[in-house]
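The chain contents come next:
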Amino acid sequence: MIPAEFDYVAPATVDDAVRALADAGEEAKVIAGGQSLIPVLRMRLAAPTKLIDLGKIAELRGVREDGDALVIGAMTSHYDVMRDPLIGEHAKLIAVTTSTVADPQVRHRGTFGGSLAHADPAGDLAAPALALDVEMVAHGMDGKRTIPASEFFVDYFTTALRPGELLTEVRVPKYTGWHAHYEKFNRVAQAWSIVGVAAAVQVEGHTIKQARVGLTNMSSVPVRAGGVERALIGQEATPEAIKTAAEHALEGTMPVADGNADIAYREHLAKVLTSRAVTAACR
Amino acid sequence: MRITVTVDGTTYTDEVEPRLLLVQYLRERLGKVGTVVGCDTSNCGACTVHLDGHSVKSCSVLAVQADGCEVTTIEGLARDGQLHPVQQAFHDNHALQCGFCTPGMIMQAIDLLAEDSDPDEQAVREGIEGNLCRCTGYQNIVRAVRDAAHEMRPGAGPEAERISGAQAGVHRS
Chain A
49 MIPAEFDYVA PATVDDAVRA LADAGEEAKV IAGGQSLIPV LRMRLAAPTK
99 LIDLGKIAEL RGVREDGDAL VIGAMTSHYD VMRDPLIGEH AKLIAVTTST
149 VADPQVRHRG TFGGSLAHAD PAGDLAAPAL ALDVEMVAHG MDGKRTIPAS
199 EFFVDYFTTA LRPGELLTEV RVPKYTGWHA HYEKFNRVAQ AWSIVGVAAA
249 VQVEGHTIKQ ARVGLTNMSS VPVRAGGVER ALIGQEATPE AIKTAAEHAL
299 EGTMPVADGN ADIAYREHLA KVLTSRAVTA ACR
Chain B
1224 MRITVTVDGT TYTDEVEPRL LLVQYLRERL GKVGTVVGCD TSNCGACTVH
1274 LDGHSVKSCS VLAVQADGCE VTTIEGLARD GQLHPVQQAF HDNHALQCGF
1324 CTPGMIMQAI DLLAEDSDPD EQAVREGIEG NLCRCTGYQN IVRAVRDAAH
1374 EMRPGAGPEA ERISGAQAGV HRS
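Protein chains in written order, with this note's numbering: chain A, 49 to 331; chain B, 1224 to 1396.
Excised from the complex, chain B in its bound form:
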């Protein structure tokens, strides 16, 4: 089937099999390997992306279902070498060890902050309930999300990048 999808601001038209998962499409067709696959059961949330502005597990969406939609991945967050405030907060707070869950954690954290611009610790823990981290015990992840919330007041969402006060300290390789 022919699909047209906008991913990180670029529009792609491709022939895909109906059974192709969105995450496979992103990784194997478009080379967006920043979005990772962490499990086989839809539990881990590592593959979280935004589909028309809302977080989804891209292993649980068919590429054909994204036809006509807009997708944002972890690779679409930084602007001109400057990290998104949530990326910067994960760096500043040492919110990762192995880093495998990080792309999904960050995408879900941005979704959470769009809903609740100043979540307390419990709200952060519930907001990232669909994302598993096997290293950190979540402490620094929760800290990073709350730190990002302070950086991004009055709220995240599409404007988040533009009101970023974060410094570009680290570049993705």
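The shape of chain A in the complex, shown without the other chains:
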């Protein structure tokens, strides 16, 4: 199918994009990589009056170091995130999760910031973002502000971004030397995650010193598995200890039933996948 008519503008700077968004009114939509939005437009599930394309804004692409943090430009493609040496060294959980997003073609176009701002509960990148306590940098007509990941995801497809605000950067604290794994369960290739678990651990000898775990699609927003994290810290990385800790995976979750899984099955998956993700991360 063909999208409904819309106007289109591709500003060259963040300032121009913020102004274009303010001028365009409530029915405008920001397009990043477009790998969720264009299918939605084609199916006519949305009919914005205007698209503001961030694709020409060079300053929004790339990864840099800023003291104790990495700064990932919102328009950095999944393909570039996966291969970025800084992310590989300091935020491996983001690299390994990104490598599982959709398929190679989508990863060439889709962007880190676009995926976070879209806030699909089945999207893979919100759980690691939450687990790693990243901060979202938003630009609007009133200037810029920083939103912690724990406050960013509000509901299904809803974030703390205000009308007229753009997500421009994501600041990721460094987790140098941590091990990480993302375990997701879906029915077929390139399908959305029925449940996913993002796990990062700091291991010394065989002992888990620190752990961060986030769950995908176990609520309308990503869920931080704090109970699992607390149960892992100080434990030997044995299958029994990890399995016992994974029993806490349901704390704070509110899964729904859909065509892929009922609630009990999702709850089962959350525990099993938590155990697998932490085990793989500890290896």
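These are computed hints drawn from the structure, not numbers from a lab.
Since this is a predicted model, take the numbers as computed values, not measurements.
The beta carbon of each residue, even a glycine, is placed where N, CA and C say it ideally should be.
Mixed in with the good hints, there may be bad ones.
[Said to hold, decoys possible] Now the in silico label distances, taken between C-beta atoms and shown as ranges:
1. V1256(B) <-> D306(A): 34 to 40 Å
2. T1234(B) <-> E113(A): 50 to 56 Å
3. T1227(B) <-> K291(A): 57 to 63 Å
4. M91(A) <-> G1276(B): 25 to 31 Å
5. A60(A) <-> G1304(B): 41 to 47 Å
6. Y1235(B) <-> G188(A): 36 to 42 Å
7. C1321(B) <-> R210(A): 47 to 53 Å
8. V236(A) <-> R1376(B): 29 to 35 Å
Put chain B on the given structure of chain A with help from the hints.
Frame of chain A; chain B shown alone:
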């Protein structure tokens, strides 16, 4: 809007509506009907082309987003009647039945081989994860991609056509 796009080595300038999809532009404006549309959901990958050297689903890119870019389609692969080594390998390995997925499979396989010049079977299956085939069960497609990898060592990419050892056995009609 006015766009300028280079497709298979030829530069075109056209007025397009913002809502025009890249695949529609290729097929309906430029007549590049070798690139096909296989689904309505962005799943099938049949419309895969290269945009500035990377594979994309041309149903999920607006023509206006390709302004200033270089596009390669399945129609831009053969040289002087000689198939690209990946096309030849699909022929040699009987890697198609109905053939509808083939243009996208080949474009994605070339992208994969540019990343990984000698993928094992699992890497091929993951590399073509975004492309669906309803006929072959993928067996011969995987075989063809690995065969092409051997033909094209040390790697694909822009030089692939020039180091082709494949014979011109079949001509596109």
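Cross-check of the supplied hints:
1. Separated by about 38 Å at the C-beta atoms, V1256(B) and D306(A) satisfy the suggested range of 34 to 40 Å.
2. For T1234(B) paired with E113(A), a C-beta distance near 39 Å fails the hint of 50 to 56 Å.
3. Checked against the hint of 57 to 63 Å, the C-beta distance between T1227(B) and K291(A) comes to roughly 59 Å, which is consistent with it.
4. Between M91(A) and G1276(B) the Cβ separation comes to about 29 Å, which falls inside the hinted range of 25 to 31 Å.
5. Checked against the hint of 41 to 47 Å, the C-beta distance between A60(A) and G1304(B) comes to roughly 43 Å, which is consistent with it.
6. The given range of 36 to 42 Å is respected by Y1235(B) and G188(A), whose C-beta atoms sit roughly 38 Å from each other.
7. Checked against the hint of 47 to 53 Å, the C-beta distance between C1321(B) and R210(A) comes to roughly 50 Å, which is consistent with it.
8. In this structure, V236(A) and R1376(B) meet the distance hint of 29 to 35 Å, their C-beta atoms being roughly 32 Å apart.
Checked against the numbered hints above, the structure violates only hint 2.
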